[in-house]
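Q: Protein sequence lines, in the order shown, are assigned to chains Z and X.
Mapping of the first sequence onto our numbering: residues 2 to 329, in sequence order.
Mapping of the second sequence onto our numbering: residues 4 to 170, in sequence order.
For the record, the hints were derived by calculation from the structure and aren't laboratory data.
Incorrect hints may have been included.
Unchecked claim - Which bits of chain X does chain Z cover? Going by a derived footprint, with three or more residues having C-beta under 8 Å, they are:
#1 27-39
#2 47-54
#3 60-72
#4 117-124
As the list claims (entries may be wrong) - In silico contact screen, one side only, chain X against chain Z (beta carbon under 7 Å); selected entries:
#5 Pro7
#6 Val13
#7 Glu138
#8 Ser141
What the hints assert, rightly or not - Ranges between beta-carbon positions, derived for each pair:
#9 Z/Ala121 to X/Ser10: 34 to 42 Å
#10 X/Gln167 to Z/Val252: 51 to 59 Å
#11 Z/Asp274 to X/Gly21: 50 to 58 Å
#12 X/Ala91 to Z/Ala121: 40 to 48 Å
#13 X/Thr131 to Z/Arg327: 18 to 26 Å
#14 Z/Arg233 to X/Arg81: 32 to 40 Å
#15 Z/Pro191 to X/Ala25: 46 to 54 Å
#16 Z/Glu158 to X/Arg81: 44 to 52 Å
#17 Z/Pro222 to X/Arg18: 41 to 49 Å
It should be emphasised that the depicted structure is a prediction, and the values quoted were computed from it without experimental measurement.
All residues carry an ideal CB built from backbone N, CA and C; glycine is no exception.
Each chain is listed here by its residues.
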Amino acid sequence: MRGFSYARARSVDDVVAGARDGDMALIAGGTELLNWARIGIERPRRVLDISGVPGLGGIEPLGDGGLRIGALAKLNQVALHAEVRARYPVLSQAILKSASAQLRNLATIGGNPLQRTRCAYFRSEDPATPCNKRQAGSGCAALHGLNERHAIFGWTEDCVATNPSDPAVALACLDATIVTEHASGRRRLPVRAFHTLPGDDPAAHTVLRSGELITAIEVGPPAPASAYIKVRERESYEFALVSAAAAVELVGDRIARARIALGGVAMRPWRLDQAERDLIGLRAGSPAAAEAVTAAFGTARPLALNAYKVPLARNTAIRALELAARTS
Amino acid sequence: MEGPVFSSRVAIGLRVNGTGHALDFDARTSLLDLLREHLGLTGTKKGCNRGECGACTVLLDGARLNACMVLAASADGREVTTVEGLAAGGRLHPVQQAFIDQDAFQCGFCTAGQIMSAVGCVREGHATSGEEIREWMSGNICRCSAYPQIAAAVAVAVAAAAAQGEI
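With the rest of the complex left out, here is chain X (with noise of 0.2 Å):
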């Protein structure tokens, strides 16, 4: 029986922000380099590169992770959703306009991932108090400690998008 076939590069179809794209990279590339070196979707973050931060999070086919812990080559055939993807005809998103409304941010580096990781934690369900809301959150460190403000947000964000009719 033939076995699986190695190759240092690796050839892949992603849809990114629904746009389709055909890359071909080295074989260790992880989601996160390739959104950003290859794609140049800045948006998302490299904190930590090892899973500790949630600076870099995502969402992969719908569920929020950590893009510098998955392997590019393993996101064949798949749906990511950046920072960049979530306003939709010129209108924030309402995890975006609430972190603005409740200042939920200072030096901002952290903010795209909180915010992806807000939007997966109000689609969840997982926002249906503060303290689930921090417990659910807690992926994702603030260097600045806007955490109280960053709570608020979600909590304002669960509200508006259930108006909107978004989750």
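Next comes chain Z alone, as it looks inside the complex (with noise of 0.2 Å):
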């Protein structure tokens, strides 16, 4: 690991101002980012940690009825707060089944969707193997090589990578908000547009800039009929192969709103837009409804080795489908 300087940041202030002067990486819980230097990721000249800025951990009632989380929240402290728990099961699900018990003590709610693709070539301690993240321009390796594990939507051949978090999944689902402060003002991204596709920019992973901190993510109006799954080769502490997040409400046992995001098939949380429309209307768990979301797959463009993801993807969506519905 390149060497590097530490200060402690004491305020939003502090780090707006540290930003100024570039070549500087934001620390809070650290899993990513000590990863990510000991194999030259990243390179940081400077790092600052933010885990000690006053302000930004708590959970607190917005006035919509939505929920205002912290950036430095911990994700077990956000899985089980009560109002999360209650009121947005499929985010307290998603956490709860994202890393592990002591890395979840760790990492927080801000830092998790900057979590960068497990693509093995991405994360390769040869430097020489070809991925447009790691070097712009020097290619896929995934593309032809070992892709089982990799997109079947939104991939060009410059990247064909997916986005790991689960967190992200959910609140994508939930059409959460990621708030940011910056040198230049703050703003108020949608997760769902939080995350680039290789279409965008191959090399990119999210919209956030250089020095830009993420100091809350805030959740819309309770969805207490939602529900996460997450489908790995083991029960527990696995990236997921597939996953599916959905909140549904429902009138009598008629579908009248449906949101679904799909985990592990694209290098962002992919809503399933046109299904959500067409669910409307339809009966919860009916074949009906089972055939909108199986629609929405028409357009998935699997690779040599993961068109199994493609079946799989429908099915994990239709059963979340139903499970949040069953929940209501």
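Hints given; two lone chains; assemble the complex.
A: Dropping the structure here:
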């Protein structure tokens, strides 16, 4: 690991001031940055510790019935929070199915959406492995390589990776907003548009700018009828092959509103917009509802080794939708 | 306005197993390396050094976490408990005793991390059933695959700790 200098931020102003000099990485939980630095994905000259910045760790109600979750709240703290469990079960479940108990005590909800792809070529300790996210223009080793865990939606020949975050899938399903501070001002970024697709920029992961600080994540009115299903090769402590977050509103047994986001299929949580529209008015758990979800996979483009993800993701989405409806 | 002051050396105060230390080290140092290389506390093991195996699990202000993923600089003023700090008055902690009684290790490399994780798991109240123990202990990998015995040890430790009023 290349040497770096370290300082602690005492305020958001400290972060904004420190960012003016450039080449500075922010560290909160540290569960990603330290690994990036160890294998050279990041080589920061300065590391600013934001873990002690006051006022960024609380979970508070918002006027519209929503919740403001401070960026420094630990994953376990968010998942086990009574309001989150009762009103946003999809988020609580997604968090508890991510990482391990120890990592969830370290990692923050603001840092989690910033984790980068788990593509083995991106995480390679051999810098000669082609990867446009490691070295722009070097190519994509996964395109014709070992791509069984890679994307079926939204990829280009420049990058076929997926985003590994579970919480981000739940937050995208909930139409959550990421709030940031930067020298140029405050921004409110929809989680749905926070992660970039390779067609936007194959080297990027998110729209966050250098020196921009995530201060909070806001979720809207409660979604008590919601659920998260994660499918993986072992029952716990493993990244998703695919996952699905679903939130529904029912009138009787008919769907009045449905939101579905998939994980493990693209470089961002993948919302099924058309299916969500088609589901309105259908009976939850009906063959017609399953058909509406199935139709969303007509545009899936599997790679050589991951065609299994198409039926797996479809079935997971249908199950998540049915589970969410049963929760109401 | 004056921004934060950066330094490649860091000086912190840290309590480890009840003893205070004043420490000065390179800013890159992980809490794991600080414990092992600077304080000689080698009970905490370095397995993967990237947050995947759980062998380096310690308690920081009572919360279990992977010491390899903590920048030691960020631990200023905090309290660390390692496996060396569990026994009290010549008596093993109930979790340590349960691991012996249940034969919950073979090669032993993961054991200190398993025990520290189990102490955290029991204190959190996440050890109320076999299923819950397996889920909340999943961050500790055992390559000898002593999982049934480890889960049994945690279950026994819960009962023992409750009987002794230690949780």
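Q: Between alanine 91 of chain X and alanine 121 of chain Z, is the Cβ distance one that fits in 40 to 48 Å?
A: holds (45 Å)
Q: Range first: 34 to 42 Å. Now tell me if the beta carbons of alanine 121 of chain Z and serine 10 of chain X are that far apart.
A: holds (36 Å)
Q: At the C-beta level, are arginine 233 of chain Z and arginine 81 of chain X separated by a distance inside 32 to 40 Å?
A: holds (33 Å)
Q: Less than 7 Å between beta-carbons is the criterion; does serine 141 of chain X satisfy it with respect to chain Z?
A: holds (4 Å)
Q: Range first: 41 to 49 Å. Now tell me if the beta carbons of proline 222 of chain Z and arginine 18 of chain X are that far apart.
A: holds (44 Å)
Q: Tell me if chain Z covers the region 60-72 of chain X under the three-residue, 8 Å CB rule, please?
A: With 7 residues closer than 8 Å to chain Z, the region 60-72 of chain X meets the three-residue bar; holds.
Q: Assuming the hint says 50 to 58 Å, is it satisfied by the Cβ distance from aspartate 274 of chain Z to glycine 21 of chain X or not?
A: Check passed, 57 Å falls within 50 to 58 Å.
Q: CB of glutamine 167 of chain X to CB of valine 252 of chain Z, is that within 51 to 59 Å?
A: holds (55 Å)
Q: Cut-off 8 Å, C-beta pairs, minimum 3 residues; does the coverage of the region 117-124 of chain X by chain Z stand?
A: This one holds; 3 residues, not fewer than the three required, reach chain Z with a Cβ under 8 Å.
Q: Quick one, is the valine 13 of chain X hint okay against chain Z at 7 Å, beta carbons?
A: holds (6 Å)
Q: Three residues or more, CB to CB closer than 8 Å: is that satisfied between the region 27-39 of chain X and chain Z?
A: With 4 residues in contact (Cβ-Cβ under 8 Å with chain Z), the coverage given for the region 27-39 of chain X holds.
Q: Should the hint that glutamate 138 of chain X touches chain Z count as held when the rule is a Cβ pair under 7 Å?
A: At about 5 Å, which falls below the 7 Å cut-off, the nearest Cβ of chain Z leaves the hint on glutamate 138 of chain X intact, so it holds.
Violated hints are absent here; each numbered hint is respected by the structure.
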